[in-house]
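Novice: As a plain string of letters, each chain reads:
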Amino acid sequence: MADPATHKVTVANRGGRTFDVREDQTILDVCEANGVILPVACRYGGCITCAGRLVSGKVRQPKGTALNKRQSQAGYILMCVAHPKQDCVVEVGVESHGDLYQNPFSVPRK
Amino acid sequence: MADGNGKACCGPGYASPAEAITADREKLLYTVALYVGTGVEKPDYLATVDVDPDSPTYSSVIARTEMQQIGDELHHSGWNACSSCHDDASKSRRFLLMPGVRSSNINVIDTSDATNPSVHKVVSGDDIKAKTNLSGPHTVHCLGADIIISMLGDADGNGPGGFLHLNENFEIVGRWENDNAGMNYNYDFWYQPRHNMMVSSEWAAPNTFMPGFDLDDVAAGKYGQSVHFWDFNGKTISKSFDLGAEGMIPLEVRGLHDPTSNHGYFAATLSSNVFHWWKDDNGEIQLEKVIDIPTIDVEGFPVPMPSLITDILISMDDKYLYFANWLHGDLRQYDITDRSNPKMTGQVWLGGMLGKAPEVNGIKVQGAPQMIQLSLDGKRLYVTTSLFSSWDNQFYPDMKDKGAQMYLVDCDVENGGMTINPDFVVDFGKEPNGPSRCHEMRYPGGDVTSDIWI
Ligand code: FES
Numbered sequence: 237m238a239d240p241a242t243h244k245v246t247v248a249n250r251g252g253r254t255f256d257v258r259e260d261q262t263i264l265d266v267c268e269a270n271g272v273i274l275p276v277a278c279r280y281g282g283c284i285t286c287a288g289r290l291v292s293g294k295v296r297q298p299k300g301t302a303l304n305k306r307q308s309q310a311g312y313i314l315m316c317v318a319h320p321k322q323d324c325v326v327e328v329g330v331e332s333h334g335d336l337y338q339n340p341f342s343v344p345r346k
Numbered sequence: 003m004a005d006g007n008g009k010a011c012c013g014p015g016y017a018s019p020a021e022a023i024t025a026d027r028e029k030l031l032y033t034v035a036l037y038v039g040t041g042v043e044k045p046d047y048l049a050t051v052d053v054d055p056d057s058p059t060y061s062s063v064i065a066r067t068e069m070q071q072i073g074d075e076l077h078h079s080g081w082n083a084c085s086s087c088h089d090d091a092s093k094s095r096r097f098l099l100m101p102g103v104r105s106s107n108i109n110v111i112d113t114s115d116a117t118n119p120s121v122h123k124v125v126s127g128d129d130i131k132a133k134t135n136l137s138g139p140h141t142v143h144c145l146g147a148d149i150i151i152s153m154l155g156d157a158d159g160n161g162p163g164g165f166l167h168l169n170e171n172f173e174i175v176g177r178w179e180n181d182n183a184g185m186n187y188n189y190d191f192w193y194q195p196r197h198n199m200m201v202s203s204e205w206a207a208p209n210t211f212m213p214g215f216d217l218d219d220v221a222a223g224k225y226g227q228s229v230h231f232w233d234f235n236g237k238t239i240s241k242s243f244d245l246g247a248e249g250m251i252p253l254e255v256r257g258l259h260d261p262t263s264n265h266g267y268f269a270a271t272l273s274s275n276v277f278h279w280w281k282d283d284n285g286e287i288q289l290e291k292v293i294d295i296p297t298i299d300v301e302g303f304p305v306p307m308p309s310l311i312t313d314i315l316i317s318m319d320d321k322y323l324y325f326a327n328w329l330h331g332d333l334r335q336y337d338i339t340d341r342s343n344p345k346m347t348g349q350v351w352l353g354g355m356l357g358k359a360p361e362v363n364g365i366k367v368q369g370a371p372q373m374i375q376l377s378l379d380g381k382r383l384y385v386t387t388s389l390f391s392s393w394d395n396q397f398y399p400d401m402k403d404k405g406a407q408m409y410l411v412d413c414d415v416e417n418g419g420m421t422i423n424p425d426f427v428v429d430f431g432k433e434p435n436g437p438s439r440c441h442e443m444r445y446p447g448g449d450v451t452s453d454i455w456i
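Just so you know, the sequences run in chain order A and B.
So the first sequence is numbered by the working numbering: it starts at 237 and just counts up by one.
So the second sequence is numbered by the working numbering: it starts at 3 and just counts up by one.
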């Protein structure tokens, strides 16, 4: 079998460091292997701790992760379960969480 | 240092609630302190706080016990033994179990050195998931030699969860309950074997509450609104109450300390109501709403804001009920001598979204009253301001950069009343590794939410 395809993942807010990530690897694992420390907890997509923003590119994530619809639409992905499908640019860490949370009483109900 | 072992002949804790009230004043207090969701990539830790006013380091963190890995989200904790084993001299209150809600790890902390506890063992969350299909550990209670822990989800973070059973060596026995039929979700529990009773409450599945609080999830029925009364010996639910709109998100469950009583209280957090339960003369469980905190229309907010009652407890003499309104920002004291008609006797404001007390004791409050712990004699109520990292970041986003705080409220146990102590504040914004969030508190000698008399 051919090796899984590899894509370039650039971490915009860590000095633009760029790593080769295979489609069978998670962005988190490769960042950690290269000494980029990211927030992490459950490592299975269940807790949102590792959320970051996908600035460009495409990733594959399992269904049923802890992100809700609004958060996904705002461009958030979970680094612990995100596998690149193309070259990607991401923002990581708590600094990227500006639009992740909102006070539900302060926004109009649809 | 008083370790809570009243007499040398006996096991842990105190012979009765009345004896506990007369114990030595607490000198140390433990609180969990978190780095989850702060941007500091360090493990959560247990902070030892000096609460002895005669000590030169009074009102400060004097030791920190770091967990072994990052990302636990320490939350609640419980002892390996409490006053329920007071008659057993072979038992001691030595190990504090501190679950990580996110990692599902259970950190077992050895408090033999009360000031400088150490990590004794970590029960791996992966093992728990593999052996029991449970995750999201929450409330810990000892049960004679063994320990049970409420678990909020299955291994994939879906409801309803169940109960994890550990033996006294902290090995996984399996699931405690024989059947969880009737449970939609899980959260806190309290038990009283004398009445063959256990009461459990409902937050939500981890996959729902982890990303933050969302009213669409409430509308979709993804948050709990039921409480369950268990046949404790049979380990099955004997009666569930669907509380409807008045009982959204029932959290902390507190029975009266007097073991002959079968009364207790819990708060429905989102509906911000307090309920009283009791077993009537026919052995039937009765429930009534006894306190209702109205929502407040906040300027610029399209949705009326509930007070969000997040923690509630009962004084050791069963006379006062205390609770925290985490969004409105107040702490309240009610006289519950008349069980069905609580009377408000005290109130203080600390932080909160109404802006009533933004700064207290010279420090800008991040968050609002949240976890509370009362001294055994009922006179000192300690309070911390962080709820849960993703919910903190939603409602009080500055806390991640400025840390949470711990305050002390003096309580008048004769006439009722509360005042914020002007000489005590611990600002977790000034921790050496960066600002952290302080949450649940425990005293080495046991406290009003740890011990059950059987
Ligand atoms: S670490 Fe929990 S979702 Fe990624």
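Derived by calculation from the structure, the hints in this document are not laboratory data.
Here a beta-carbon is modelled for each residue, glycine too, at the ideal position from N, C-alpha and C.
Do not rely on the hints blindly, as some may be mistaken.
[Said to hold, decoys possible] One-sided and incomplete, this derived list gives chain A residues near chain B with beta-carbon spacing under 10 Å: (1) G252; (2) F255; (3) V266; (4) A269; (5) Y280; (6) V291; (7) N304; (8) K305; (9) Q309; (10) V325; (11) Y337.
[Stated by the list, open to error] Calculated pairs, DSS-like style, for lysine-lysine (alpha carbon to alpha carbon, straight line, at most 25 Å): (12) B/K44 <-> B/K404; (13) B/K224 <-> A/K305; (14) A/K299 <-> B/K44; (15) B/K133 <-> A/K299; (16) B/K404 <-> A/K299.
[As the list claims (entries may be wrong)] Residues of chain B clear of chain A, computed beta-carbon distances all greater than 12 Å: (17) V103; (18) F215; (19) P296; (20) S391; (21) E416.
Novice: All hints, please: hold or fail.
Specialist: To see whether the hints hold, each was checked on the structure:
Below 10 Å, beta-carbon pairs count as interface contacts, and A/G252 has none with chain B, the closest being about 19 Å; its hint is therefore violated. Interface hint at A/F255: violated, since its Cβ lies 18 Å from the closest Cβ of chain B, which is beyond the 10 Å cut-off. For A/V266, the interface hint is violated, the least distance from its beta-carbon to any beta-carbon of chain B being 17 Å, above 10 Å. Because the closest C-beta pair between A/A269 and chain B is about 16 Å apart, greater than 10 Å, the hint is violated.
Contact between A/Y280 and chain B, as hinted, is supported at the beta carbon level, the nearest pair being about 8 Å apart and thus within 10 Å. Hint status for A/V291 relative to chain B: violated, with the closest Cβ pair at about 19 Å, above 10 Å. For A/N304, the interface hint holds, the least distance from its beta-carbon to any beta-carbon of chain B being 5 Å, beneath 10 Å. The closest approach between the C-beta of A/K305 and any C-beta of chain B is roughly 8 Å, which is under the 10 Å cut-off, so the hint is satisfied.
Look at A/Q309: its Cβ only gets to about 13 Å from chain B, farther than 10 Å, so that hint breaks. With a least beta-carbon distance of about 20 Å to chain B, the hint placing A/V325 at the interface is violated under the 10 Å criterion. For A/Y337, the suggested interface contact is upheld, since its CB lies about 4 Å from the closest CB of chain B, less than 10 Å. Taking the CA atoms of B/K44 and B/K404, the gap is near 16 Å; set against the 25 Å cutoff, the hint holds.
For the hint pairing B/K224 with A/K305, the CA-to-CA distance comes to about 14 Å; that is within 25 Å, so the pair holds. Simply put, A/K299 and B/K44 have alpha-carbon atoms about 29 Å apart, too far for the 25 Å limit, and the pair is violated. Restraint check for B/K133 and A/K299: the C-alpha separation of about 24 Å stays at or below 25 Å, so the hint holds. For the hint pairing B/K404 with A/K299, the CA-to-CA distance comes to about 35 Å; that exceeds 25 Å, so the pair is violated.
The beta carbon of B/V103 sits about 8 Å from the closest Cβ of chain A, which is not more than 12 Å, so the claim that it is off the interface is violated. In this structure B/F215 is not separated from chain A by more than 12 Å, as the shortest Cβ-Cβ distance comes to only about 6 Å. Residue placement check: B/P296 keeps its beta carbon more than 12 Å from all beta carbons of chain A (closest about 14 Å). Not every Cβ of chain A is farther than 12 Å from the Cβ of B/S391; the closest lies at roughly 8 Å, contradicting the non-interface assignment.
Remark: the non-interface label on B/E416 is consistent with the geometry, its nearest Cβ contact in chain A lying 39 Å away (cut-off 12 Å).
Hint check: violations occur at hints 1, 2, 3, 4, 6, 9, 10, 14, 16, 17, 18 and 20; the rest are consistent with the structure.
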